[in-house]
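Peer 1: Listed below, chain by chain, are the residues.
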Amino acid sequence: MLIGKPPDIPSSEITPPSAYREFMNRRRFLKGAAAAGAAALAADRVARLIEPGRVAFAETKLQTVPSPLTTTGEQLTSFEDITHYNNFYEFGVDKGDPAKNAGGLPTRPWTVKVEGKVAKPLTFSIDDLLKLRPLEDRVYRHRCVEAWSMVIPWVGYSLSEFIKQCDPLPSAKYVQFLSYFDRHVEKWSGESTIFWPYSEGLRMDEAMNPLTLLTFGLYGDTLPNQDGAPVRVVVPWKYGFKSAKSVVTVRFVDKQPSTTWNDMAPNEYGFYSNVNPSVDHPRWSQKRERRIGLPFYAQWRDTLMFNGYGDQVASMYAGMNLRRDY
Amino acid sequence: MKRSTLIALKTVVWIACLVPFGFLVWGAVTNNLGPDATAEIANTTGLSALWMLAITLAISPVRRLSVHLAWLIRFRRLMGLFVFYYASLHVLTWLALYNNFSIRSMLDDVTKRRFVMAGMGTYLLLLPLALTSTNWAIRKLGGKNWTRLHWLIYPAAICATIHYWWKVKTGVLEPAPYTLVLLVLLLARPVMAWSKRRRARAVSV
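Sequences listed follow chains A and B, in order. Residues 7 to 332 (our numbering) make up the first sequence, in order. Residues 31 to 235 (our numbering) make up the second sequence, in order.
If we strip away everything but chain A, and leave its shape as in the complex, we get:
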């Protein structure tokens, strides 16, 4: 098992990519500015004027602590690839679209509404959520149903910590997550026939599993918009689409909630959608996967049952027929 010793350096200690990207920017800009005899301060101001988008959406560094639940022994996927190869269909169906189009997502102020089978409905602001528990560095493998995978250093804490604050009733058997939706902001949402907002759900025990992460950042910084800012769910043993992005509503329910891809094509996307190399998808064999960022001749590797997290999650499915409940 690859879970165990935390990395020597928490990802919060790594120079955040936004910092060196800005540095590169400034250096590039200074080449011209020096010739013009401009001071560094002025150069920085001008640079901000020239590229307001970059500065306005720059990620901010988060205070993090190491976690025993992090995955070790894997080479991290680059920040560039994690942020430029996204399925976020509200911002376009091409993998490169969300990086281009998600700039308008209003991540602050942001509230998460808690409703349904709870003692009393609640609303959390993003700042409340960030302060609720210490933010942990958790590296997870991320396996998309399309047969590609990444290794991502997320930042967050177990969703169970948040659920405890929500005070769900005993009748709450499932939890549903609804993503932000505004067709004026997400003008690209008509590129597919999906019925918005995006909905995902977990069984209560799955949601309470310590691996399920309420996620606020990656590579030590707050989440870039295209990766589901400002708060998302990450369920590392399930196909990526189970991990709802930009969550605005958490609803506790007594029946299995309707979920977006399961509604679109139930024969292709089951409610559980646990990573399982022995159950093929009608479009893709799930036996192998392509690791993002490697050359084409080195991309393929065998897919692991439960994406390699069986030790922590397999017991939840004891006695279930995973061929039927895929």
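Quick caveat, the hints were computed from the structure, so don't treat them as lab data. A few of these clues could be false.
[Claimed, not checked] Computed footprint of chain A on chain B; a stretch qualifies when at least three of its residues, placed anywhere within it, have a C-beta under 8 Å from a C-beta of chain A:
| id | segment |
| --- | --- |
| 1 | 56-67 |
| 2 | 126-138 |
| 3 | 198-204 |
Ideal Cβ placement from N, Cα and C applies to all residues, glycine included.
Following the hints, put chain B in place on chain A, whose structure we already have.
Peer 2: Positioned in the frame of chain A, the structure of chain B alone reads:
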């Protein structure tokens, strides 16, 4: 058209058609094919074949618009062979990268996945067309038989479009523009034949 103009134009078409391939080779050598290199190769070869097929199908109706465009026919075989070239690279990508040359894995893929089946069907329809593209084959078959055989380009184009729709996820409308173009090109034929008949009648009356 002058011989020198034709040669110059053919050179330009050759170079233009090799751009996607050049892009892939350059990307592979410099390790610059994007985050998912394998998918990039599959998508580029597949989309190149699709759009070149649309261009091939456009040649016949467009040249009939004016006598001055009759020379376009001299580019149809070239375009058709480029369709086959990219389709072959696409199939090779599937064989080598997606199935690791394993017969078992290929059989599994073809029988289990309808989009692979449709893609394979397209390639099998294109194969006899490429094989009978030489002047020798045209002479041997005779013009009439050759034309009859090459009618297969229409089912091939339809099959390719179905392959595209079945490949993308349910609800994704990405193949719509291509489908629209193909629809226009296929409908252009009966519409043009009909208007020609009408004009012929008008003249005879």
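Peer 1: For each hint, tell me whether it holds in the structure or not.
Peer 2: Hint-by-hint comparison with the structure:
1. With a cut-off of 8 Å between beta carbons, the segment 56-67 of chain B has 7 residues touching chain A; three or more are needed, and the interface restraint holds.
2. A stretch counts as covered by a chain when three or more of its residues have a beta carbon under 8 Å from one of that chain; for the segment 126-138 of chain B and chain A the count is 4, and the coverage holds.
3. Coverage of the segment 198-204 of chain B by chain A holds in this model, with 6 residues showing a Cβ closer than 8 Å to a Cβ of that chain against a need of three.
Of the numbered hints stated above, none is contradicted by the structure.
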